[in-house]
Amino acid sequence: MIKDITIGQYYNGNSVLHRLDARMKIILTVAFIVSIFICKNFWSLGLMVLFTLQTVIISRVPLKMVLKSIKPIAIIVLFTSVINIFYIKGGTPLIDGRYIDITTNGVFTALFMALRIVCLVVVSSMLTYTTTPTMLTDAIEKLLSPLKIFKIPVSTLAMMMTLALRFIPTLVDEIDRITNAQKARGANLDDGNFIERIKALVPIIVPLFVSSIRRAIELADAMDCRCYTGGPGRTRMKQMKFCLRDFIALIFIVLFIAGIVLLNYYFGAVLVK
Amino acid sequence: MPILSMQGVAHLYNKGTPSQSKAIYDINLDIEEGELVGIIGHTGSGKSTLVQHFNGILKPECGKIIVDGTDIWSSKKATREARFKVGLCFQYPEYQLFEETVYKDISFGPKNMGLNEEEIHKRVLLAAEYVGLKKELLEKSPFDLSGGEKRRAAIAGVIAMQPKVLILDEPTAGLDPRGRDKILDMIKSYREKTGSTVLLVSHSMEDVAKIATKVLVMNNARVEMYGTVDEVYSRSEELRNIGLNIPQVSKIFELLNKNGLNLGSAYTVEKAAEIILSKGGASV
Amino acid sequence: MEDKVIIKFDNVSFAYKNEEDETAATGVVDGFSIDVPEGQFLAVLGHNGCGKSTIAKLMNGILVPDSGKVTVDGIDTSDDAKVTDVRKTVGMVFQNPDNQIVATIVEDDVAFGPENLGVDPKEIRQRVDDALMAVGMYDFRGREPHRLSGGQKQRVAIAGVLAMNTKCVVMDEPTAMLDPHGRQEVMDTIQMLNKERGITVILITHYMDEAVKADRVVVMDEGRIVLDGVPKDVFKNVEKLKTLGLDVPQATELAYRLRKAGFPIADDILDEEECAAAILRALEVK
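Residue numbers (this note's numbering), protein chains in the order written: chain F, 1 to 273; chain V, 1 to 284; chain P, 1 to 286.
Chain F on its own, in the form it takes in the complex:
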């Protein structure tokens, strides 16, 4: 059933990574993503891969789930790699055919690109696997809170995000129900040209809108009853506190970036201009 989709794909666990402060995890992820793009040679690239693998190992998220997160992008990676192999010129020619030219630059770029994308996806999925959606929204709220001085309603935005996460499964379920009800009245959703298909969606979209509005009104009442004002004075049950492990993690990533920069410097760029 569609109902069983997992939002934010959180994997329940208790590893060091799970226990890291969500804000720190976001900062580390961003730092890692930046560092991915400064790798210039195989040494720094190797360090990046090692770092990624180590993250996966300490998260204790099953390898199967990690692979699942790569699956949707596998085709894109493959496609860009192939394009890169054939179209990037420079460096030593490997195959010098009449129609096909393959050079070291092409192969290296393809390899770099593929590894970078895979590492990027794996590390960011580590963030969502080890952090609940609630923690994630809380962390984003905290990180963005300086924006409050520009009168940006950060807490309201965070509340909206939480509600969206909360209601996605409910609405998916509802779409499923309405679709079946209209199918039972002979609605034809699978055939016809583009315009016909769009038209066929009306019997699903209208009831979905009507019921979403009704839900929104009821939810607003329920939130009123529980004293939500959207204003200041709200406390949180789960407090975020940086502790020693967060700083150790920070030191780790700083060392990692330094390592990449050093390796880049020592071994030079692999791509030939």
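No lab work stands behind these hints: they were computed from the structure.
Quick reminder that beta carbons are idealized off the backbone N, C-alpha and C, glycines included.
A couple of the hints might just be wrong.
[What the hints assert, rightly or not] Lysine-lysine pairs mimicking DSS-like chemistry, simulated, CA-CA at most 25 Å apart:
| # | chain 1 | residue 1 | chain 2 | residue 2 |
| --- | --- | --- | --- | --- |
| 1 | P | Lys8 | V | Lys271 |
| 2 | P | Lys8 | P | Lys122 |
| 3 | V | Lys182 | P | Lys8 |
[To be verified] Label-pair distances were calculated between CB atoms; the ranges are:
| # | chain 1 | residue 1 | chain 2 | residue 2 | range |
| --- | --- | --- | --- | --- | --- |
| 4 | F | Met160 | P | Asp130 | 26 to 32 Å |
| 5 | V | Ser19 | F | Ser155 | 34 to 40 Å |
| 6 | P | Glu239 | V | Lys122 | 38 to 44 Å |
| 7 | F | Arg60 | P | Asp76 | 54 to 60 Å |
With chain F's structure known, arrange chains V and P on it following the hints.
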């Protein structure tokens, strides 16, 4: 020949994932034309899954579903025909209303059948009559109706397809007693007038006792019992074991019988009063 | 000693304002007065549109009366400055379990109310754990609400109210969308709140089998009270209840039918044991 027939039908949830489980299995069932079958069972017993197979909304993992003599998965045409031969009205059907007027909404089904305007018009009026919707309501927006009226308008949308079998999944859920009685009366008279087969999925053993001719009990994804109201309700111990509660009057009769009276059984208040009065009438 | 009144309606009237919609006549409240003593389990019965849901919304200031006064623990609900105090006293559980859960994790949802009240984090944790244990949902605290059954969702909603330390819970048809099992779960929880925690419960319903469990039943029609008393006295009025579009328990109805036919049986029978015993007695006398 039965109007609905299932032979060795099974359906799986989350097929191919670790959480794969049997929604229904080993279903062998014949339902004769003209019956009003009450389908009972607790949540998760498979009763909603079962009924969604009759009109081809769900495709079974294995087995055959035969509606009016045709295997509904034998061809694409047969599958589409099953949609119209078996009218399925889901739970809270008012959430399927979408047109500008009640009239247009009721005509959605007949239009999808490819009928001509005249025939559609006739069917819409007839369906509205069956469910007891006043004519002046037909030009209103469905969203301006009361809760009970919305429910009946949505049911009319299924009836207007003039299906041979009408299936209603908990048509009285969330209604107050008056709204509930209106729907139950409507179902009863619809069946009497049209002679069609009706399947009624319900949580209420009382409602089923009131109007059904046959009762089907689902438990743990299988058909546990199928028979007349008497045959099924008399197995009160088994029903209790699978988490179903017999009507209060039946419990009263059990208590009376335990205390040495020999009253037989009753499942509705009317019947119970009749039996007791025939016993004690002499003293009055 | 007079019991302390927690909710008081003094000649309250209310009508929904909607120019276009003529059906707005439903749900009006017309000269409604009631005193609800602290600790009472009150059931409000009535058909749809009789104004019972409006009463619920008037009880914690979601709606304020057009005329008359609603006071909660001595506070006038129309006083905007004190609306938080009113809602801290009277919590609310609605019909649709999906539309009142705001968080993606059960325990975060229960924490929502106390968080809004600015309660200290350590205390919130304690209240949340306590509330979840009270409704028997502690083991589900890390779950996602959309994976729970209807009855479980309603128990989470009840825990959310409990965590606000309210003295009073108003439930607007909390079981209408549930199956018999879920209804039983919620009814057990409601009775526990009332009996063990002394919380005032106002249960708005159209299920008579739920109303018989209350200390007091109020039957409404067209925005007014038509019957008010202990269940035994209210359900005696079989005919009146039927004209109002309501049910009575089958045991009561059976006794009523028998009586009408001249069979000697009491008119205040509510459950099956009582009914069977009375019938046995009557038949043996013969």
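Legend entry - Earlier hints that do not hold, by number: Hints 1, 2 and 3 contradicted; others consistent.
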